[in-house]
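Given these sequences and hints, build the entire structure.
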Amino acid sequence: MTDGAGRVVIVGAGHAGGSAAAFLRQFGWAGEIVMIGTETLMPYQRPPLSKAWLKGLVAHADLELRPPTFYQTNHIDVRVGATAAAIDRAQRTVTQADGTVVGYERMILATGSRLRRLAVPGVELSPILELRDIADADKIKGVLRPGQRLVIVGGGYVGLEVAASAIAIGATVTVIEREARLLARVASAALSEHVLAHHRTKGVTIELAASVAAIEGAAGKVAGVRLADGRTIAADAVLVGIGAAANDGLARAAGLVCADGIKVDAAARTSDPHIYAIGDCSCRPFTLYWRDVRLESVGNAVEQAKQAASDICGKPVPLAEVPWFWSDQFDMRLQMAGLAFDVADTVVRGAPNDGKFAVFHLKDDGCVQAVEAVNMTPEYMAGRVMIGKRTVVDAVRLADVTVPIKQLMA
Amino acid sequence: MPKVNFISFAGKTYTADVAEGTTVMRAAVDNGVPGIDGDCGGQCACATCHVFIEPEWQSKTGARTEPESAMLEFADGTKPNSRLGCQIEVTKALDGLTVRMPEGQH
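Chains as they are written, first to last, in our numbering: chain S, 1 to 410; chain R, 1 to 106.
None of the hints are false.
Pairs of lysine-lysine residues, derived as BS3-like cross-links and limited to a Cα-Cα distance of at most 27 Å, are as follows:
hint, chain 1, residue 1, chain 2, residue 2
1, S, Lys-389, R, Lys-79
2, S, Lys-51, S, Lys-356
3, S, Lys-315, R, Lys-12
4, S, Lys-51, S, Lys-202
5, S, Lys-389, S, Lys-406
6, S, Lys-356, S, Lys-406
7, R, Lys-79, S, Lys-406
8, R, Lys-92, R, Lys-12
9, S, Lys-141, S, Lys-221
10, S, Lys-221, S, Lys-55
11, S, Lys-202, S, Lys-55
12, R, Lys-79, S, Lys-356
These are calculated hints, taken from the structure and not from any lab test.
What follows is the structure, encoded as structure tokens:
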């Protein structure tokens, strides 16, 4: 298989890789498609893992990106439990860990991201959990029972979603966040404040500006988490959710240009014309913001999968989307669009006290840069449109809910 | 199994055999129908499964759900017969259902 003529090799079988394979067929790629994935499962959706899957509300088939028959029908050679070990760009081959060499005409890197680990004394104790894949989620599911004390290190989206699920299951939950507010890297102060209050109302204990000094325990078992201020929080299990880094090692070793992730252009092309990179592992341009950004989101993964597949199939690459995200925690639906760069003014529309509001972030010229909505979907959707069209809005009218959002969209 | 017909914006028809209880979105995704991506997996969070219900089927597919209405209010090209495919479950009564896709999804 070293002659790669007519073959696309996709490295990574997550949401990005699986979507790329499907788009290649949709867009008419008639040649071979080989997808190499480290996990032992066919591509599946990760967002439900912290929510419906933990609570036991969905079956495995519901998580699957596509049914197994899809790959047969579409002649997609999915190699699960296989790892790409090295790329030879001159020969256009990829070597799997088992020594198999596969040639490619085009390659798509969809290697995802890997979780950051806590580096404190006691990390060898058990159970110290993390959440990236189904196996991780199943370990969490195995320890979450009513009355169990779960300490979550990291107040990001994954940590907070698991906190909400754990409370629903009946566990006792403490979230420890190093920064002075929750979601510090990804949300505005106004949203953080609301999420904090809501979690506390629902019974989650939250420690802010608190760093972990050590995990304590005996006989290999976790007993508590010691904070830098000397306090110890009793725990039966610890979940670490402190962010992730791009899996760009394979690309770096092959000499592809990388920064925070593999550098790509608006068609997901890397610095090698035969190689694309998509999803969490890539760092892509956002012309709306004049920046290259690495995003970890399903929307981004699918959009870039479409870009790469379009370019490979000789189709024009679709117009760039406004980045979007969502998170469900308790009865809060959080919906975010855009990226809050170069923000000069922040406008709150709606009533945070009623749990229904949206935070708009405006540039100095009045352009909407980003929106964060809590249980206010129309504002989120309207914001998404305004961001894409670079709509200039009047901050005073935007803050006034008696002015229909539609009037501000023109 | 009930059949569902998807008509692309360009006018091409794709017909899928759909197990009862499957959503219209899932039916499209599982069968590789172009134009319906279903990014959020049916959580009513992305609006990438926007479809127009052919008039004769509107009474059978029923009304929009509340979160669906909110998503569709400012979605691209929303019309009175707009629905999100993830919110419609295929039943025997929907055998032959025909939906069209908006311009933004092709």
